[in-house]
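Trainee: In case you want the letters, here they are:
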Amino acid sequence: MLKALAVTGIAASLLASPLAIESASSAPPSGKVTVEVVTVNGSGCPNKTADVAAAADNTAFTVTYSNYLAERGPEAKPTDFRKNCQLSLKIKVPAGFTYAVAQADYRGFAHLVKGATAQQNANYYFMGQSATATVSHAFAGPMSDDWQTTDAAEFASLVWAPCGEVRNLNVNTDLRVYGPAKSTSFMTMDSTDGSFSTKFHFAWKKCTK
Amino acid sequence: MSSMTFIGGIAAAALLAAPLVSTPQASAPNEKIVIDVVTVLGSGCPTNTAAVAVSPDNTAFTVTYSNYLAQVGVGAKATDSRKNCQVNLRVRVPSGFTYAVAQTDHRGYGFLEKGATATARANYYFQGMSQTVYKQQTFRGPLDDNWQTTHLTDIAALSWHPCGESRNLNINTELRVAGGTSDLRKTTSFMTMDSTDGSIKTTYHLSWRRC
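Protein sequences, first through last, are from chains R and V. The numbering of the first sequence is the working numbering, which starts it at 11 and goes up by one. The numbering of the second sequence is the working numbering, which starts it at 14 and goes up by one.
Hints listed in this document are in silico derivations from the structure and should not be mistaken for laboratory results. Honestly, I wouldn't trust all of these hints.
What the hints assert, rightly or not - Derived contacts from chain R toward chain V, CB cut-off under 10 Å, selection only:
id : residue
1  : Ala86
2  : Tyr135
3  : Thr198
As the list claims (entries may be wrong) - Lysine to aspartate or glutamate pairs mimicking EDC-like chemistry, simulated, CA-CA at most 20 Å apart:
id : chain 1 : residue 1 : chain 2 : residue 2
4  : V       : Lys127    : V       : Asp167
5  : V       : Lys45     : V       : Asp70
6  : R       : Lys192    : V       : Asp196
7  : R       : Lys124    : R       : Asp161
8  : R       : Lys58     : R       : Glu46
9  : R       : Lys124    : R       : Glu175
10 : R       : Lys209    : R       : Glu164
11 : R       : Lys124    : R       : Glu85
12 : R       : Lys102    : R       : Glu175
13 : R       : Lys192    : V       : Asp158
14 : V       : Lys148    : R       : Asp161
15 : V       : Lys90     : V       : Asp118
16 : V       : Lys90     : R       : Asp67
17 : R       : Lys209    : R       : Asp155
18 : R       : Lys102    : R       : Glu164
19 : V       : Lys90     : R       : Glu46
20 : V       : Lys90     : R       : Asp161
21 : R       : Lys102    : R       : Asp155
22 : V       : Lys199    : V       : Asp157
23 : R       : Lys209    : R       : Asp67
24 : V       : Lys148    : V       : Asp196
25 : V       : Lys148    : V       : Asp70
26 : R       : Lys87     : V       : Asp93
27 : V       : Lys148    : R       : Asp155
28 : R       : Lys102    : R       : Asp67
29 : V       : Lys199    : R       : Glu85
30 : V       : Lys214    : V       : Asp70
For every residue, glycine included, the Cβ atom is placed at its ideal position computed from N, Cα and C.
I would like the entire structure built from these sequences, with the hints used as guidance.
Mentor: Spelled out as structure tokens, the structure:
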């Protein structure tokens, strides 16, 4: 409904002045929430084992890993059952009211013997705030297949600063594998994707009179 | 939102002020999709083990691997049974709606004992989208030969990036080897991936699309 109203508004303005077409089409698209990966580090993603690919407009990113693997079994060290990787994200929020959907997609592979279980967890918190949102996904053996999970959250924001605001979001992911020590169970994370899809955005202008 | 109004505005302009604006046309033969390889990383292609070659017109690429090998049996760690390599591509699309097909050719070598099996698999998805398309091929031992598999993926089926947002295409390949009935205490079965070639070809192209 809101979208429809806004579109009608644009159409009306074009009707009133066809000469405004040029300026309307050259207006840059703005008002999107953008996200930038600042750091990637953890026991599951030590230096040189993670890579970041950003979308051209910074509304999304992909982190890939070469050695994010939690393992339980005869070849594993006792501490290998849990590995983590923390992402620090710089989120730029435009001025005005913004409504967006933040989404994280996790993909990987799990080989779990019968009796083994695994968890893929993610903690989300804004820098300097103690409030933490934890989302957990559970897996149970026997399985030997790719897995994929999605966490999504609505993101509503009201920013008064004329140039928008920057907020730092921390995402700490981990993989945990539990179960019999006699045979090997393991779980990998291949990639983490994050995105902000801005659904609508209202900005305001100062009155000039 | 801004893209929504933007496209709405264009549509209105085209309809109302038609003589002033070139009319939208289907098919533009010389509009190509160009690709940049942004990252290549995975357990099968850790840092410094993959090389990327891109065609001069940026419509195709080849990734070669020096250590992309999955194995089971003598000499193999338990976690060596599965290796992956993910390629992230920035895809620049001509403005408007494009229907395209991504073709990937995977080539390698397989040595499988009788009773052992292997899978060469790839999944395709756009950044920020849960939708994933899987393609795979299974191999059975005894095998001692090169292998090759071609995947054709409709990009439209993958839900092309949403209006006004640009999203990279991810191709995650993987090799899996399972011992099956082969004797893992005496033998080794393995699969390698030597190269991945990719290209995106435009099937048809419309000069604009409504969100």
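Trainee: Give a verdict on every hint.
Mentor: Verification of the hints:
1. At about 8 Å, the closest approach between the beta carbon of Ala86 of chain R and any beta carbon in chain V falls short of 10 Å, and the interface hint on this residue holds.
2. For Tyr135 of chain R, the interface hint is violated, the least distance from its beta-carbon to any beta-carbon of chain V being 21 Å, above 10 Å.
3. Annotation: Thr198 of chain R was flagged as interfacial toward chain V, and the flag holds, the nearest CB pair being 7 Å apart, inside 10 Å.
4. This hinted pair does not check out: Lys127 of chain V and Asp167 of chain V have alpha carbons roughly 36 Å apart, beyond 20 Å.
5. Straight-line distance between C-alpha atoms of Lys45 of chain V and Asp70 of chain V comes to about 9 Å, which keeps the hinted pair within the 20 Å bound.
6. The hinted pair formed by Lys192 of chain R and Asp196 of chain V meets the criterion: a straight-line CA distance of about 19 Å does not exceed 20 Å.
7. Annotation: proposed proximity of Lys124 of chain R to Asp161 of chain R is violated, straight-line Cα distance about 27 Å (limit 20 Å).
8. About 19 Å separates the Cα atoms of Lys58 of chain R and Glu46 of chain R, which keeps this hinted pair within 20 Å; it holds.
9. Between Lys124 of chain R and Glu175 of chain R the CA atoms are separated by roughly 49 Å; this puts the pair beyond 20 Å, and the hint is violated.
10. A C-alpha spacing of about 10 Å is found between Lys209 of chain R and Glu164 of chain R, which places the hinted pair at or below 20 Å, so the restraint holds.
11. Only pairs whose Cα atoms come within 20 Å are accepted, and Lys124 of chain R paired with Glu85 of chain R is accepted, the gap being roughly 18 Å.
12. Restraint check for Lys102 of chain R and Glu175 of chain R: the C-alpha separation of about 6 Å stays at or below 20 Å, so the hint holds.
13. Annotation: proposed proximity of Lys192 of chain R to Asp158 of chain V is violated, straight-line Cα distance about 34 Å (limit 20 Å).
14. Annotation: proposed proximity of Lys148 of chain V to Asp161 of chain R is violated, straight-line Cα distance about 25 Å (limit 20 Å).
15. With a C-alpha separation of about 28 Å, the suggested pairing of Lys90 of chain V with Asp118 of chain V is violated against the 20 Å cut-off.
16. For the suggested pair Lys90 of chain V and Asp67 of chain R, the alpha carbons sit about 41 Å apart, so the restraint of at most 20 Å is broken.
17. Annotation: proposed proximity of Lys209 of chain R to Asp155 of chain R is violated, straight-line Cα distance about 34 Å (limit 20 Å).
18. Taking the CA atoms of Lys102 of chain R and Glu164 of chain R, the gap is near 16 Å; set against the 20 Å cutoff, the hint holds.
19. Proximity of Lys90 of chain V to Glu46 of chain R is assessed by CA-CA distance (about 36 Å); at most 20 Å being required, the pair is judged violated.
20. With a C-alpha separation of about 33 Å, the suggested pair Lys90 of chain V and Asp161 of chain R falls outside the 20 Å cut-off, and the hint is violated.
21. Proximity of Lys102 of chain R to Asp155 of chain R is assessed by CA-CA distance (about 37 Å); at most 20 Å being required, the pair is judged violated.
22. Restraint check for Lys199 of chain V and Asp157 of chain V: satisfied, since their Cα atoms lie roughly 17 Å apart, inside the 20 Å limit.
23. For the hint pairing Lys209 of chain R with Asp67 of chain R, the CA-to-CA distance comes to about 16 Å; that is within 20 Å, so the pair holds.
24. For a cut-off of 20 Å, the pair hint linking Lys148 of chain V to Asp196 of chain V is broken: about 29 Å separates their Cα positions.
25. With a C-alpha separation of about 27 Å, the suggested pairing of Lys148 of chain V with Asp70 of chain V is violated against the 20 Å cut-off.
26. A threshold of 20 Å between alpha carbons decides the hint, and for Lys87 of chain R with Asp93 of chain V the separation of about 16 Å falls inside it, so the pair holds.
27. Taking the CA atoms of Lys148 of chain V and Asp155 of chain R, the gap is near 14 Å; set against the 20 Å cutoff, the hint holds.
28. The hinted pair formed by Lys102 of chain R and Asp67 of chain R meets the criterion: a straight-line CA distance of about 12 Å does not exceed 20 Å.
29. Of the supplied pair hints, the one linking Lys199 of chain V and Glu85 of chain R holds, its CA atoms being roughly 19 Å apart against a limit of 20 Å.
30. A threshold of 20 Å between alpha carbons decides the hint, and for Lys214 of chain V with Asp70 of chain V the separation of about 13 Å falls inside it, so the pair holds.
Going through the hint list in order, the structure does not satisfy hints 2, 4, 7, 9, 13, 14, 15, 16, 17, 19, 20, 21, 24, 25.
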